[in-house]
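Engineer: Protein chains in written order, with the numbering used here: chain A, 6 to 503; chain B, -2 to 99; chain C, 204 to 700.
Any given hint might turn out to be false.
[To be verified] Some chain A residues flagged as far from chain C (calculated, every beta-carbon gap over 12 Å):
1. Ser11
2. Gly59
3. Val283
4. Thr306
5. Val395
6. Glu460
[As the list claims (entries may be wrong)] Where chain C lies over chain A, by a calculated footprint (3+ residues, C-beta under 8 Å):
7. 65 to 78
8. 153 to 160
Keep in mind that the hints were calculated from the coordinates and are not lab data.
Glycine included, C-beta positions come from ideal geometry on N, C-alpha and C.
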Amino acid sequence: MTWNESLPLLVLASSLVPGLIIFCLAEESKGLRTALNLVGVVLKLLLVAVMVWGVEQGQSYEVRFPLLPGIDFVLRADALSMFFALLSAVLWLATTIYAIGYLEDSPKRNRFFGFFSLCVTATLGVALAGNLVTFLLFYELLTLATYPLVVHRGTQVSLRAGRVYLAYTLTGGALLLAGIAWLHALAGNLEFTAQGFLSGLVQDHSAALVAIFVLLIAGLGAKAALVPLHGWLPQAMVAPAPVSALLHAVAVVKAGAFGIVRVVHDVYGFEVVAQLGVAGPLAAIAAVTIVYGSLRALFQTDIKRRLAFSTVSQVSYIVLGTAIAGPVATVGGVAHLVHQGLMKITLFFCAGNLAETLGIHRVEDLRGVGRRMPWTMAAFTLGALGMIGVPPMAGFFSKWFLASGGLDVGQPWVIAVLIASSLLNAAYFLPVIWTAWFRAPPETWPAERAPARGETSLMLLLPTVLVAASALGVGLLASMPFSPLQWVGLIVDVEYAP
Amino acid sequence: MSATLLYAITGSGLFVLGLYALARHAHLLRKIIAVNVMGSGVFLVFGALAYRTPGLVSDAVPHAMVITGIVVAVSATAVALVLMLRVQSETGRPHLPEQPSD
Amino acid sequence: METPFADSPWTVWAVFTPMIGAVAAFLWPRRAALVGCLATLATVGSVFWLIWQVAQLGPQYHAMGGWGAPLGIDLHADGLSAAMLLTTALVGAGVTLYATAYFQQATETARFFWALWLLLWSAMNALFLSGDLFNLYVTLELVGVASVALVALAGNSDALTGAMRYFLLSLLGSLTYLLGVALLYGAHGTLDIGLLSDLVTPAPADWAATGLMVAGLSIKTALVPLHFWLPPAHAAAPAPVSALLSALVVKTSFYLLLRLWLELFPVTAPGFGQVLGLLGALAIFWGSFQALRQARLKLLVAYSTVAQIGYLFLAFPLALTTAAATAWAGTVLFILSHALAKAAMFLAAGNILKFAGHDRIADLGSGSPGIALSWAAFGIAGISIIGLPPSAGFAAKWLLLQASFASGQWWWLIPIVGGSLLAAAYMFKVAGLAFLPNDQGDQGDPKAAGARLSRRMKWTALGFALGALAMGFATPQILALLDSGTPFAQLGAVGVL
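Using the sequences and the accompanying hints, generate a full structural model.
Structural biologist: The structure is reproduced here in structure tokens:
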């Protein structure tokens, strides 16, 4: 097995192996567990960086072996997969450090970090999957690995949230399986191919292809929280903050959104999607989700629930950009995969810091917290402004490309959706920022656990500030090589090559 | 009606009779006897069909099989009887409990 | 061919090693566990050698004592037999290991367990290797008697009444089958499956015989609505016995049905297959629904078996023309994956029961470290039962789905996929308990005899669960083994059905 074949496997092993070892550790061996976690995330980041560089240089990384009759297990690196893989690896580093600080002295950390590592393994597998069956394998593994994290606290509320989560995601998985099995019976091929592999079948099997498309999108939409399949996401908020960050910013919702991008571009191809007439309905669902999520967020008083509905809304930007054919909109949608990830993880880390340090869970308790926790609230403000789309934050570029992409292909209604959504974003984020910075703090905080010095533990603050800085950075440096926006250009060149 | 057919029909009749008794009676001993009646019916069918071609010596293979079958049936009956006694000593009556709600 | 013993009649040894072990365990009750271990080693060795022969040299045939049919006893081994022997050997080896720890004291129960288990193994191997309808009856009856006695070993009233009901239904099933055999013999004068396959026609007598044999075997396989004997018997038996019954014994009669269907029955009217498939779908929904509402853990697992058996019957309507090979391969893979996963679940449930002193689901729980591995085994086995990738259960369901699309009967995906979702519902109803905080639920019953579980019991359960999960990656190898002289091989090419 050559280096280029083993690299994708090593990327998975760099989190799988530490995870499995962590399961076997004694609960007290904190040092070893932390060391394993950190070695794993750093190693993974390095390996992914090597692959990103290699893909940019035109290297190909692929490993395959037979799994089912006529179907291989395939891991392959292309521009799109490395985009998602790098996002996951970077955010994993931040989340792991954050989680080590967050879960200090809580019980069952072995179980937590074991499943945490399985989760990143599954996410990287989703990113690198080279065909639909391999994708499904890791997609379902992701469901299984996140369930224990959602119910980690073991309370009745979290067990119920876990059941709801499974009901949505496993049903989604079942629909996806049905769609994939049907597609294989019809096309005999499931390999992701630039611009799709179904153009030959449109003539004779358009009804079947539409039905399969509906099955696939419904299956993926359950994780991507497309309305009306979003019900699990706000409930899953009972999980510990690093898990919420993970569910919302990187792993679960992104796996669904990434899958939709894959199906539209590399299974069907955007031309076939347009011929079948399914692009319009998909864009409409995305638009409804964007507006609906923002509206619901407006009425939430719990900070994490407000963020959850904000996620419902923001993830559909990716779907919207994918559904509107045309390279410019695609750039906006795919870039939002990273932009939303960075901004949302910042917001969730901040919410975790507030809850952990001062016991703040509700928006009204935020009065004056900016003075008590300036770094955290500064990070929150950056993230929130990015979500609204204020330049030069990353979110601005997503919205800009989406809007001009919509105009390019003669769909100006996209702009109306974006304006409505941005106004709603402002309506639910600006009061939070205003309350935190400009209102007088109360006498006592709901449940203060004052650290020795500083506003909160460094293990919590450092990742928060770093992800906030990078959310600002990818906006400021949007035109530098290897910035997300430039990398998306690479992806789009392949997908829209004549 | 040839003798073979008569035996075969009688055998099948015994089988059905045993099946009816097995379903109908609650007492375990009756059920075990019912299974034995069914077995005898099957053996009778076998024996009757051994005489396949009229005028020729009957086929020895079914005879061998019926003998084996009787050995199996006797052993099974012995196991069933022991089991019945254990059920009676453990539950106080030689009956199966009502079906669990199903 | 440099491999030693390549020409030995391993078919014979696969049957006789456990038989000799059974007699020895009965004669030297004090050393029964040791005898059991040695016999297991020898049997597993014989079976693997036989599988090697089948895989490398093709189907094996041995006429015992040189008599040959019709009076002698012939043993045949092809890819299908080899797959069944492999399943039995894998589950058998693990259960032996588990039982050495489960039956700690050399009680009477323990002694009888070893003799009966080895007898059961011998009977099952003989059944997989027989090619003669009457020998198949005898082995079927031996499997039934040994299984019933094993259930009764638990000795309490649940086990005894469960065993009694099981026995009566089992006898009913075998006698119904035997009546069918008698009719076939009457019509054609032979009982050799190979010879009969050229003789049967869609004549009324053959149809009656087919109907009787299918009905008898369906009773023994616990196909809904003839399943009611299974849950009480499987749930009341001692843990290693429950594992054997659910993993292996119900599959023996199904194997026989499968072989007869493929090689013998005059299947010209597809309606018959459709009826069996509908009953299978009914079993999936009814069994899962019942599993969902059980209050006791072992009954839940037993009803899960009722549901999973339904999947085996889906292949009968799916095995049409070009889809036939795919459908049967999926079914055999399903047998193998379900055997490993269900063995894991019953052994894990046995551990949980021993640890907590009861198996009432409402009162179970706690992620106390003493039982964590068993919960893990239960959960991982659940992945295979639900049929999520990469488990062999997924591969099996994938092949069934492909067969339903290829045969133009896409609607069968409703029970296939729906059954998965229901399985997830009852699995996670239980698995969620493992995440309760330490201070909730049972902490283990200090009075229960075995509250401290031996390491061997925990790891055997986990080993089965991981095996079922990893087996998905071995799918190509298993399917290659199946192609060795199996009726499926010709199906793919010719499209017989």
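Engineer: Please count how many residues of the stretch 153 to 160 of chain A have a CB within 8 Å of a CB from chain C and say whether that reaches 3.
Structural biologist: The restraint on the stretch 153 to 160 of chain A holds, since 6 of its residues have a Cβ under 8 Å from chain C and three suffice.
Engineer: For serine 11 (chain A), which was marked as not at the interface, is the minimum beta-carbon distance to chain C over 12 Å?
Structural biologist: holds, 17 Å
Engineer: Just double-check glycine 59 (chain A) for me: nearest Cβ-Cβ distance to chain C has to come out over 12 Å.
Structural biologist: holds, 27 Å
Engineer: Go check the stretch 65 to 78 of chain A versus chain C for me, would you? Three or more residues, Cβ under 8 Å, otherwise it fails.
Structural biologist: holds (count 5)
Engineer: Does the claim that valine 283 (chain A) lies off the interface hold, with its Cβ farther than 12 Å from every Cβ of chain C?
Structural biologist: With a cut-off of 12 Å, valine 283 (chain A) remains clear of chain C, as the shortest Cβ separation is near 20 Å.
Engineer: Verify this label for me: valine 395 (chain A) is non-interface relative to chain C, using a Cβ-Cβ cutoff of 12 Å.
Structural biologist: holds, 41 Å
Engineer: Threonine 306 (chain A): least C-beta distance to chain C exceeds 12 Å?
Structural biologist: With a cut-off of 12 Å, threonine 306 (chain A) remains clear of chain C, as the shortest Cβ separation is near 28 Å.
Engineer: Are all C-beta atoms of chain C more than 12 Å from that of glutamate 460 (chain A)?
Structural biologist: holds, 30 Å
No hint from the list above goes unmet by this structure.
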